[in-house]
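Colleague: Residues per chain are reported as follows:
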Amino acid sequence: MSTQNHPLELPEGSPLVRFSGVTKRYGDLTVLDNLDLDVGAHEMVSVIGPSGSGKTTVLRMLMTLEKIDEGVIYVDGKPLSHMERNGQLEFANEKYLRTQRTNIGMVFQQFNLFPHMTALENCIEAPINVLGMKRDEAEERALNLLDMVGMLEKKDQHPTRLSGGQQQRVAIARALAMRPKVMLLDEVTSALDPEVIGEVLNVIRALNSEHKLTMLMVTHQMGFAREISDRVCFFYEGKIAEQGTPDQIFNDPQNERTKQFLSAVLDAN
Amino acid sequence: MSYLDFVIEYLPKLAGGAYITALQLVCASALAIVVSLVFGLMRLSRLGVTRGIATVYIEFFRGTSLLVQLYWIYYVLPLMGIKLGAFESGFIAIGLNFGAYGAEIVRGSIEAVPKGQWEAAVALNMSPGQRMRRIIIPQTFPILLPPASNLMVELLKATALVALITVVDLMFVAKQINATTWLSAQTFGTALIVYYAMARFVLTPFLRWLEVLAARKVGKA
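Protein chains in written order, with the numbering used here: chain A, 1 to 269; chain P, 1 to 221.
No lab work stands behind these hints: they were computed from the structure.
Think of the CB as a built atom: it goes at the ideal place given N, C-alpha and C, for glycine as much as any other residue.
Hints may be right or wrong, so weigh each one.
Stated by the list, open to error - Under the rule of at most 30 Å between Cα atoms (straight-line distance), these lysine-lysine pairs were calculated in the DSS-like manner:
no., chain 1, residue 1, chain 2, residue 2
1, P, 13, A, 239
2, P, 115, A, 78
3, A, 155, P, 220
4, A, 154, P, 220
5, A, 181, P, 115
6, A, 134, P, 13
7, A, 95, A, 67
8, P, 115, A, 154
9, P, 175, P, 13
10, A, 95, P, 175
11, A, 212, A, 78
12, A, 154, A, 134
13, A, 155, A, 134
14, A, 181, A, 239
15, P, 115, A, 155
16, P, 217, A, 154
17, A, 155, P, 217
18, A, 67, P, 115
Unchecked claim - Partner residues are not named here, just some residues of chain A that face chain P (Cβ under 7 Å, in silico):
no., residue
19, 110
20, 126
21, 130
Claimed, not checked - Just a sample of chain A residues kept apart from chain P, beta carbon distances all over 10 Å, derived:
no., residue
22, 34
23, 42
24, 43
25, 52
26, 69
27, 81
28, 125
29, 134
30, 158
31, 239
32, 240
33, 246
34, 256
Only chain P is shown next, with the shape it has when bound in the complex:
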């Protein structure tokens, strides 16, 4: 079987897997963004308890293995009566895990906004919420996006782990094809190419576009 024949025969299957991978990426990213914002802001709270909770969360999810977290959510939580499907378990574990990294990016980028911006907002008598929402957060985007883009590409590649809890993603499909054909080089070679194409030709250009947009918003482009 030539590689061309292989591609013609198995690409539709792999594309189906890639679609699930893309869905995992979207859902996990959305969750990671929410988690990043919430815990990133909590890390900056004036209340020690709030800061403490965020620190514990971030330390826990960064300090333990994503694969183990995935197994916990899929295999252990049901023992405690919380039963989640494989797809949900997959993106929840990845979102919670990457959210912990994202929270530190959010915290760092908020702290990187010059102090004078806060003071100007106080001098204009804005409420604490308005200062954050209207003045500080919009200025964090150009600072936050380059490291966040990096993390997003990492996240895409991390979704391959969900194959291990039976989510039928790109990696899972590749393993199935490999098991029936034994064409390992073709199968996993194609999977590599598809992951690379998703990162290089879809995700990265999109994130780059966001970066340009954010830079333009602060008059820097």
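Isolated chain A, as found in the complex:
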């Protein structure tokens, strides 16, 4: 593992998230190839690209769901999945990972709500058991969030009783209940029927405009990415082939791959 050229900590004023030379391989397949990516506080970054380009892996690495092969990810200036031992960066233990994970929340393509808990119980489980909040406090926070995503009336329903769009809105509330600094949205509308995609996008719009959360979003909704993002990153074969403002990427792409991808996707729509 090469972490030698990486500092133990980033200086003050560094971006909230930094991928520094991050490589991820599955056997012979290189999914992320020496990736450098910064995400600033309150920035909304969309990740687009063909399937297999490593988009989702970026989020999964940041959520510590995948082990890093090379490079270092920094969150809030500190290494995410490495810790210092004898002046060197080594893989972090579970205890260290848990302190760093508090910064990050994730919403999944398949919602992954806990089926044995109601919507409300899904939202208070971790605040009570991980953050150590009192039950009434956790409930108050959860009810506010469920209200914000328009799911207050369904708070006592189990996930099986909810539509995909409703489940996804609960999943967003559940992630927000942990007050993460960075929210990761992994193709959150890909498993939804077309008529409910809008209700989930509206929630994300509100998060972005009212709360200015730092968000990293993998999406196939080009129109939405264009409308909401501060920056769009086009991934190709484990690297960022091109990045820029939505205007630059969608109106005036420079990279051949970006042009091909966008014309293919926009044709399909």
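Using the hints provided, position chain P relative to the given structure of chain A.
Modeller: The following block gives chain P in isolation, referenced to the frame of chain A:
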């Protein structure tokens, strides 16, 4: 002697035996559940040694005869200075044996919980213990109960073996009655009926109720 007379005369005795059978069932099941959980979880351990120990245990108890295991515990262990009563030997042998089968059910049902549930628990920063206890294990019940119910009915019937190490259970009482009356058809016929009734009208409805409860807990009923 009509069958009615037989029943009137011997049913109280048989009921006493059935009571011991029921106690064997309860004790052996309790032990089997603990063993299933422990070895089922060990089978999923990241440590090769832990997995290995569980595999050896499961292979040994599934691969050898329950009757021989029963005799070992009751007749051989005392030679090594471990002396257990007949009742204890009986349910310990059955519990250890069925626990080996149960461990595989536990392992299989934990593996059947979708991977996304683990990942959601990690994303909410739960500790490994919390993930297992609060998220995964509760979801295994609806998956685990149907095969576990099957095993439990098997276990009830397997308790008849403890008669062979002098536990005065239903089977033992039936053999006693048979030895004194020679009314084999009535005796063993009644024993069959009592075993069937215990399985069909007590154990199965109870397990079915648990299944419904577990399904309701995940919003599926």
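Colleague: The structure should be examined with respect to each hint, and the outcome stated for every one.
Modeller: To see whether the hints hold, each was checked on the structure:
1. Between the alpha carbons of residue 13 (chain P) and residue 239 (chain A) the distance comes to roughly 80 Å, so the proposed pair goes past 30 Å and is violated.
2. The hinted pair formed by residue 115 (chain P) and residue 78 (chain A) meets the criterion: a straight-line CA distance of about 28 Å does not exceed 30 Å.
3. Pair hint residue 155 (chain A) plus residue 220 (chain P) holds up; C-alpha atoms about 17 Å apart against a cutoff of 30 Å.
4. Annotation: proposed proximity of residue 154 (chain A) to residue 220 (chain P) holds, straight-line Cα distance about 17 Å (limit 30 Å).
5. Distance hint between residue 181 (chain A) and residue 115 (chain P) is fulfilled; the C-alpha atoms sit about 25 Å from each other, no more than 30 Å.
6. In summary, the hint linking residue 134 (chain A) to residue 13 (chain P) is not supported, as the alpha carbons are separated by about 57 Å, beyond the 30 Å threshold.
7. Proposed proximity of residue 95 (chain A) and residue 67 (chain A) is supported: the alpha carbons are some 16 Å apart, at most 30 Å.
8. A C-alpha spacing of about 26 Å is found between residue 115 (chain P) and residue 154 (chain A), which places the hinted pair at or below 30 Å, so the restraint holds.
9. Distance restraint check for residue 175 (chain P) and residue 13 (chain P): the Cα-Cα separation of roughly 12 Å lies within the 30 Å cut-off, and the hinted pair is therefore satisfied.
10. Annotation: proposed proximity of residue 95 (chain A) to residue 175 (chain P) is violated, straight-line Cα distance about 61 Å (limit 30 Å).
11. Of the supplied pair hints, the one linking residue 212 (chain A) and residue 78 (chain A) holds, its CA atoms being roughly 22 Å apart against a limit of 30 Å.
12. The suggested pairing of residue 154 (chain A) with residue 134 (chain A) holds, with an alpha-carbon distance near 22 Å, which does not exceed 30 Å.
13. Restraint check for residue 155 (chain A) and residue 134 (chain A): satisfied, since their Cα atoms lie roughly 19 Å apart, inside the 30 Å limit.
14. Distance check on the hinted pair: residue 181 (chain A) and residue 239 (chain A) sit about 25 Å apart at the alpha-carbon level, within 30 Å; holds.
15. For the proposed pair residue 115 (chain P) and residue 155 (chain A), the alpha carbon gap of about 25 Å is at most 30 Å, so the pair holds.
16. For the hint linking residue 217 (chain P) to residue 154 (chain A), the alpha-carbon distance of about 17 Å falls within 30 Å, and the restraint holds.
17. The straight-line distance between the Cα atoms of residue 155 (chain A) and residue 217 (chain P) is roughly 16 Å, inside the 30 Å bound, and the hint therefore holds.
18. Straight-line distance between C-alpha atoms of residue 67 (chain A) and residue 115 (chain P) comes to about 16 Å, which keeps the hinted pair within the 30 Å bound.
19. Below 7 Å, beta-carbon pairs count as interface contacts, and residue 110 (chain A) has one with chain P at about 5 Å; its hint therefore holds.
20. At about 4 Å, the closest approach between the beta carbon of residue 126 (chain A) and any beta carbon in chain P falls short of 7 Å, and the interface hint on this residue holds.
21. A hinted interface residue such as residue 130 (chain A) counts as satisfied when its beta carbon comes closer than 7 Å to some beta carbon of chain P; here the least separation is about 5 Å, so the hint holds.
22. The Cβ of residue 34 (chain A) sits about 26 Å from the closest Cβ of chain P, beyond the 10 Å cut-off, so the non-interface label holds.
23. Under the 10 Å C-beta cut-off, the non-interface status given to residue 42 (chain A) relative to chain P holds; the minimum distance is some 21 Å.
24. No Cβ of chain P comes within 10 Å of the Cβ of residue 43 (chain A); the nearest lies about 20 Å off, and the non-interface call holds.
25. The claim that residue 52 (chain A) is not at the interface with chain P holds, since no C-beta of that chain comes within 10 Å of its own (minimum 19 Å).
26. With a least CB separation of 19 Å from chain P, residue 69 (chain A) remains clear of the 10 Å interface cut-off, as annotated.
27. Against chain P, the non-interface label of residue 81 (chain A) holds: every CB pair exceeds 10 Å, the least being about 12 Å.
28. Listed as a non-interface residue, residue 125 (chain A) fails to keep its Cβ farther than 10 Å from every Cβ of chain P; the least gap is roughly 7 Å.
29. With 10 Å as the threshold on Cβ separation, the claim that residue 134 (chain A) sits away from chain P holds: the shortest Cβ distance comes to roughly 18 Å.
30. Consistency note on residue 158 (chain A): stated as away from chain P, yet its beta-carbon is not over 10 Å from all of that chain's, at 3 Å minimum.
31. With a least CB separation of 25 Å from chain P, residue 239 (chain A) remains clear of the 10 Å interface cut-off, as annotated.
32. At the 10 Å boundary, the C-beta of residue 240 (chain A) stays outside the reach of chain P, the nearest C-beta of that chain being 24 Å off.
33. Under the 10 Å C-beta cut-off, the non-interface status given to residue 246 (chain A) relative to chain P holds; the minimum distance is some 27 Å.
34. Every Cβ of chain P is farther than 10 Å from the Cβ of residue 256 (chain A); the closest lies at roughly 35 Å, confirming the non-interface assignment.
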